[in-house]
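As you go down the protein sequences, you meet chains A and B in turn.
Using my numbering, the letters of the first sequence map in sequence onto residues 1 to 422.
Using my numbering, the letters of the second sequence map in sequence onto residues 423 to 884.
These are computed hints drawn from the structure, not numbers from a lab.
Hints may contain errors.
[What the hints assert, rightly or not] Partial chain B-side listing against chain A, Cβ under 10 angstroms, derived:
1) 441
2) 504
3) 532
4) 533
5) 599
6) 620
7) 667
8) 809
[To be verified] Cut-off 30 angstroms, straight-line C-alpha distance, at most; resulting in silico cross-link-like pairs (BS3-like, lysine-lysine):
9) 20/A to 878/B
10) 416/A to 520/B
11) 694/B to 10/A
12) 237/A to 574/B
13) 237/A to 878/B
14) 574/B to 20/A
15) 877/B to 300/A
16) 10/A to 574/B
17) 782/B to 877/B
18) 300/A to 782/B
19) 317/A to 574/B
Quick reminder that beta carbons are idealized off the backbone N, C-alpha and C, glycines included.
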Amino acid sequence: MSETTEKVRKTLARRYRAEKRFKAFGIGSIAVGLMALVLLFTDIIGKGHSAFVEHEIQLPITFDAEVLDISNPRDEDELNYGNYQGVIRDALAERFPSVEGRQDTRALNQLVSTGAGYALRDMLREDPSLLGETRTLWLLADDDVDLFLKANEKQREDSRLNAKQQAWVDELEASGETRVVFNQSLFSYGDSREPEQAGILGAILGSLFTMIVTLVLSFPIGVAAAVYLEEFAPKNKFTDFIEVNINNLAAVPSIIFGLLGLAVIIGLFGLPRSVPLVGGIVLTLMTLPTIIISSRAAIKAVPPSIRQAALGLGASKMQVVLHHVLPLALPGMLTGAIIGMAQALGETAPLLMIGMVAFIVDLPAGPLDAATVLPVQIYLWADSPEQSFEALASAAIMVLLAFLITMNTLAVVLRKRLERRW
Amino acid sequence: MQTGNLLLLLVVMVAGAYYLGHRRSYALARPLGGIRHLHSLPFYFAMRSAMWCAIPAMVVLALWLAFDDSIIRQQVLASLPQQLQPTDASSYNLTLSKIQNVASGALPVSFVEPPIAAAAEHLKSLRQTSAMALTVVVIVLCMFGGAWAWLKVSPQLRARQQVERVLQTIFMLCATVAILTTVGIVLSVLFESIRFFGRVPVTDFLFGLQWSPQTALRADQVASGGAFGAVPLFMGTLLISAIALLVAVPVGLMSAIYLAEYASNRVRTVAKPALEVLAGVPTVVYGFFAALTVAPFIRGLGESIGLNVASESALAAGLVMGIMIIPFVSSLADDVITAVPQAMRDGSLGLGATKSETIKKVVFPAALPGIMGGILLAASRAIGETMIVVMAAGLAANLTANPLEAVTTITVQIVTLLTGDQEFDSAKTLAAFALGLMLFITTLVMNIFALHIVKKYREQYD
Numbered sequence: 001m002s003e004t005t006e007k008v009r010k011t012l013a014r015r016y017r018a019e020k021r022f023k024a025f026g027i028g029s030i031a032v033g034l035m036a037l038v039l040l041f042t043d044i045i046g047k048g049h050s051a052f053v054e055h056e057i058q059l060p061i062t063f064d065a066e067v068l069d070i071s072n073p074r075d076e077d078e079l080n081y082g083n084y085q086g087v088i089r090d091a092l093a094e095r096f097p098s099v100e101g102r103q104d105t106r107a108l109n110q111l112v113s114t115g116a117g118y119a120l121r122d123m124l125r126e127d128p129s130l131l132g133e134t135r136t137l138w139l140l141a142d143d144d145v146d147l148f149l150k151a152n153e154k155q156r157e158d159s160r161l162n163a164k165q166q167a168w169v170d171e172l173e174a175s176g177e178t179r180v181v182f183n184q185s186l187f188s189y190g191d192s193r194e195p196e197q198a199g200i201l202g203a204i205l206g207s208l209f210t211m212i213v214t215l216v217l218s219f220p221i222g223v224a225a226a227v228y229l230e231e232f233a234p235k236n237k238f239t240d241f242i243e244v245n246i247n248n249l250a251a252v253p254s255i256i257f258g259l260l261g262l263a264v265i266i267g268l269f270g271l272p273r274s275v276p277l278v279g280g281i282v283l284t285l286m287t288l289p290t291i292i293i294s295s296r297a298a299i300k301a302v303p304p305s306i307r308q309a310a311l312g313l314g315a316s317k318m319q320v321v322l323h324h325v326l327p328l329a330l331p332g333m334l335t336g337a338i339i340g341m342a343q344a345l346g347e348t349a350p351l352l353m354i355g356m357v358a359f360i361v362d363l364p365a366g367p368l369d370a371a372t373v374l375p376v377q378i379y380l381w382a383d384s385p386e387q388s389f390e391a392l393a394s395a396a397i398m399v400l401l402a403f404l405i406t407m408n409t410l411a412v413v414l415r416k417r418l419e420r421r422w
Numbered sequence: 423m424q425t426g427n428l429l430l431l432l433v434v435m436v437a438g439a440y441y442l443g444h445r446r447s448y449a450l451a452r453p454l455g456g457i458r459h460l461h462s463l464p465f466y467f468a469m470r471s472a473m474w475c476a477i478p479a480m481v482v483l484a485l486w487l488a489f490d491d492s493i494i495r496q497q498v499l500a501s502l503p504q505q506l507q508p509t510d511a512s513s514y515n516l517t518l519s520k521i522q523n524v525a526s527g528a529l530p531v532s533f534v535e536p537p538i539a540a541a542a543e544h545l546k547s548l549r550q551t552s553a554m555a556l557t558v559v560v561i562v563l564c565m566f567g568g569a570w571a572w573l574k575v576s577p578q579l580r581a582r583q584q585v586e587r588v589l590q591t592i593f594m595l596c597a598t599v600a601i602l603t604t605v606g607i608v609l610s611v612l613f614e615s616i617r618f619f620g621r622v623p624v625t626d627f628l629f630g631l632q633w634s635p636q637t638a639l640r641a642d643q644v645a646s647g648g649a650f651g652a653v654p655l656f657m658g659t660l661l662i663s664a665i666a667l668l669v670a671v672p673v674g675l676m677s678a679i680y681l682a683e684y685a686s687n688r689v690r691t692v693a694k695p696a697l698e699v700l701a702g703v704p705t706v707v708y709g710f711f712a713a714l715t716v717a718p719f720i721r722g723l724g725e726s727i728g729l730n731v732a733s734e735s736a737l738a739a740g741l742v743m744g745i746m747i748i749p750f751v752s753s754l755a756d757d758v759i760t761a762v763p764q765a766m767r768d769g770s771l772g773l774g775a776t777k778s779e780t781i782k783k784v785v786f787p788a789a790l791p792g793i794m795g796g797i798l799l800a801a802s803r804a805i806g807e808t809m810i811v812v813m814a815a816g817l818a819a820n821l822t823a824n825p826l827e828a829v830t831t832i833t834v835q836i837v838t839l840l841t842g843d844q845e846f847d848s849a850k851t852l853a854a855f856a857l858g859l860m861l862f863i864t865t866l867v868m869n870i871f872a873l874h875i876v877k878k879y880r881e882q883y884d
């Protein structure tokens with residue numbers, strides 16, 4: 001055995017150990033990445049799942065004309081100014097006759113959400129004959145009561161309810177006068193200061209209008225730009241300059257696009273703040289590079305033989321592009337557009353700059369109404385000090401992620417189904 | 423007429439022009455013996471009519487809508503008497519919004535001076551006139567354009583060439599949107615930054631150690647000028663980005679090496695997309711995770727071993743940002759590692775090196791420039807990242823290198839300075855644009871440098 005072999009033998013065990021260690025590092029790194037992913041999702045689902053349900057309290061409500069101060073239930077004005085809180089207060093006082101004193105009464109009245117009054121008004125509007133009748137109804141509980149009922153024994157100690165309120169709620173719970181229902185308001189209202197009445201419909205609509213504007217602007221412009229650069233552009237300095245610009249824009253931080261929107265679209269052109277139209281324009285500028293780059297890739301994938309065949313049959317260059325290249329490249333372009341849209345849907349920072357961060361209760365009816373979008377709504381709720389909003393923010397994240405997953409799956413399916421191999 | 427209705431009318435008229443052009447080309451072709459005898463297909467004659475109908479009207483409409491409001495505003499303000507003329511920018515905005523509120527009915531006429539009420543009336547009538555004039559101009563342009571094109575239809579007309587040239591020009595204009603966007607970004611941040619540097623010297627901004635942008639309401643207040651030294655922000659940004667890279671570079675790189683060199687095909691097809699999901703999660707979700715889960719956890723951990731951790735520590739924001747950029751590092755590194763020719767690996771393995779030795783001594787050095795480029799791209803991403811730091815990092819500008827303390831970043835300050843109600847040209851809002859300029863320049867330089875490295879490296883093996 002030579003000296004070298006001897007040397008190698010000696011170090012072999014150490015080298016194999018190093019090999020194993022290196023491989024373990026690799027597996028460890030992937031595990032860290034996947035762990036982070038799992039942690040993120042479990043954390044959000046763990047925090048958010050409870051926001052999809054809410055608690056209601058059963059109370060016998062008397063639609064007393066005197067307390068309500070309503071004489072004609074068909075009169076819209078009287079209906080709107082009716083004293084519904086009074087009826088609820090009376091019902092609560094009747095349920096807990098032992099409660100006395102201003103402070104305790106007020107604490108008792110806090111058990112039911114202020115939104116319950118609107119539910120009563122809507123019922124009375126539907127059925128005016130209810131006036132003077134007594135019905136046993138389920139009323140929306142206040143968010144602190146809701147949190148208390150959702151919490152386990154240990155968490156209940158930190159509840160914001162005081163000891164008496166806790167006792168009342170315990171009593172209601174024990175006698176089956178509370179129930180869990182699906183949180184409908186989450187999907188049917190806009191933002192609210194009261195967590196139990198806050199919903200994401202306003203934000204979803206805002207996102208929808210913003211996305212429509214983005215799609216309508218960015219897809220045609222992106223495809224046209226890609227067609228020009230791939231099929232028509234002469235090789236010169238100008239074309240190179242366009243390409244450099246596109247590549248750089250793809251890496252510019254999104255917040256810079258917000259500054260552009262603020263200074264140019266709002267400042268110079270005088271469009272209003274906080275509207276989906278401006279948001280859509282800003283997101284268009286931001287997603288355009290993505291769409292152009294993927295559209296170019298799709299156009300490049302169309303084999304030159306098809307172009308040559310069409311040219312040989314006498315088609316003009318434009319006819320070749322419009323009649324043959326574009327239809328064949330369309331699936332690839334669509335996938336790129338969907339991925340770009342998914343990116344835009346999750347974007348927050350540039351929209352903060354153009355003022356889509358306002359507290360907006362009303363549902364937007366079009367791209368020129370002040371609105372907020374889903375990610376901004378999440379940001380607003382996550383920043384809110386009230387604990388119930390944390391669950392709402394998580395629920396909104398779950399909805400947002402569901403949209404994103406759907407869009408990305410659609411892109412993958414589209415690519416698989418429509419992609420042609422030449 | 424409202425703009426929406428006008429647009430609808432425009433669409434109808436363009437469709438009409440298309441139809442009429444189509445009909446006329448057929449009518450002209452029939453006595454000649456069919457459309458064979460036309461220079462172009464009837465489609466092109468129709469398209470030409472539609473374009474003549476649409477394009478001039480659209481151009482005028484767009485220009486009009488972009489500039490009518492500012493022109494009207496100036497006219498209204500010019501009509502005000504001398505003593506009500508605004509002297510500076512803030513009183514300009516105030517007067518203007520007063521007039522607009524009166525005009526829209528939000529402010530009763532009795533609440534304001536008579537000249538303002540008159541100006542509001544003036545504004546209303548000017549707006550009406552403008553809308554009327556716009557409607558008339560657009561419709562007339564539409565009709566004249568369409569009629570002109572319709573009259574011009576003849577069998578010899580080179581309609582296809584003309585339509586194709588216009589289409590190609592439109593395509594080119596779409597491609598120049600990218601240039602316009604860049605120019606717009608540069609001009610908007612540069613213009614506002616120059617105004618900012620007119621008030622605060624550049625050297626104070628770049629080298630000042632004190633950041634407290636509260637400008638006072640009164641001139642005699644303490645620190646009435648505000649302090650705009652951006653060094654604490656640069657340091658905070660660097661600190662958080664450095665933490666992020668400390669997480670992302672080793673994890674991302676090792677994942678890429680494992681996936682490219684060791685993993686079986688099955689593991690690769692599962693693990694790679696799973697890691698890339700991390701890149702698709704919106705940043706606001708990471709911000710939520712950092713602010714409400716990671717930060718309290720780190721704070722609790724620090725307390726249990728007797729360390730005082732700020733609840734908005736740089737560590738929490740940096741860690742989560744690191745998780746976010748793992749896929750950027752790993753997919754870029756994966757690309758360059760797989761681009762290293764197999765012959766180099768075979769040579770090393772043939773000489774008796776183990777696989778890890780081959781990777782460390784042959785593949786990694788060969789891929790190093792590309793990997794550096796990828797890391798630079800990830801770093802520029804980390805510097806420009808906004809939502810994670812807005813939600814999880816602090817607002818106070820501390821000049822510290824301690825990751826357990828709260829620091830603030832450039833992007834956080836841009837957001838704080840620009841959200842909320844304030845006048846558009848105070849030093850505070852202008853400072854946000856100056857910060858934006860810094861951010862833009864930094865990321866631009868890093869990107870160009872990174873792309874240059876990646877490109878240069880790729881050329882070596884192709």
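Hint validation: residue 441/B versus chain A, beta carbon distance must be below 10 angstroms. Holds or violated?
Because about 21 angstroms separates residue 441/B from the closest Cβ in chain A, which is outside the 10 angstroms limit, the hint is violated.
For the pair supplied as a hint, residue 237/A and residue 574/B, is the alpha-carbon distance within the 30 angstroms limit?
Since the Cα atoms of residue 237/A and residue 574/B sit roughly 38 angstroms apart, the hinted pair is violated (cutoff 30 angstroms).
Proposed proximity, residue 878/B with residue 237/A (alpha carbon, max 30 angstroms)
Holds, because 20 angstroms separates the two Cα atoms, which is no more than 30 angstroms.
Hint residue 532/B vs chain A: min CB-CB distance below 10 angstroms?
Cβ of residue 532/B sits 26 angstroms from chain A, so the hint is violated.
Is the hinted pair residue 20/A and residue 878/B satisfied, with a Cα-Cα distance of at most 30 angstroms?
violated, 34 angstroms
Chain A contact restraint for residue 533/B - C-beta distance below 10 angstroms
Interface hint status for residue 533/B: violated (24 angstroms vs cutoff 10 angstroms).
Taking only the CA atoms, is the gap from residue 10/A to residue 574/B under or equal to 30 angstroms?
This hinted pair is violated, its Cα atoms lying about 94 angstroms apart.
Is the hinted pair residue 416/A and residue 520/B satisfied, with a Cα-Cα distance of at most 30 angstroms?
violated, 58 angstroms
Given the proposed pairing of residue 694/B with residue 10/A, does the C-alpha separation stay at or below 30 angstroms?
violated, 38 angstroms
Take a quick look at whether residue 877/B and residue 300/A sit within 30 angstroms of each other, Cα to Cα.
holds, 20 angstroms
Against the 30 angstroms threshold, does the CA-CA distance of residue 300/A and residue 782/B hold or violate the hint?
violated, 36 angstroms
Given hint residue 877/B paired with residue 782/B - CA-CA distance at most 30 angstroms
Cα-Cα ~23 angstroms, so holds.
In this structure, the hints that do not hold are numbers 1, 2, 3, 4, 6, 7, 9, 10, 11, 12, 14, 16 and 18, in rising order.
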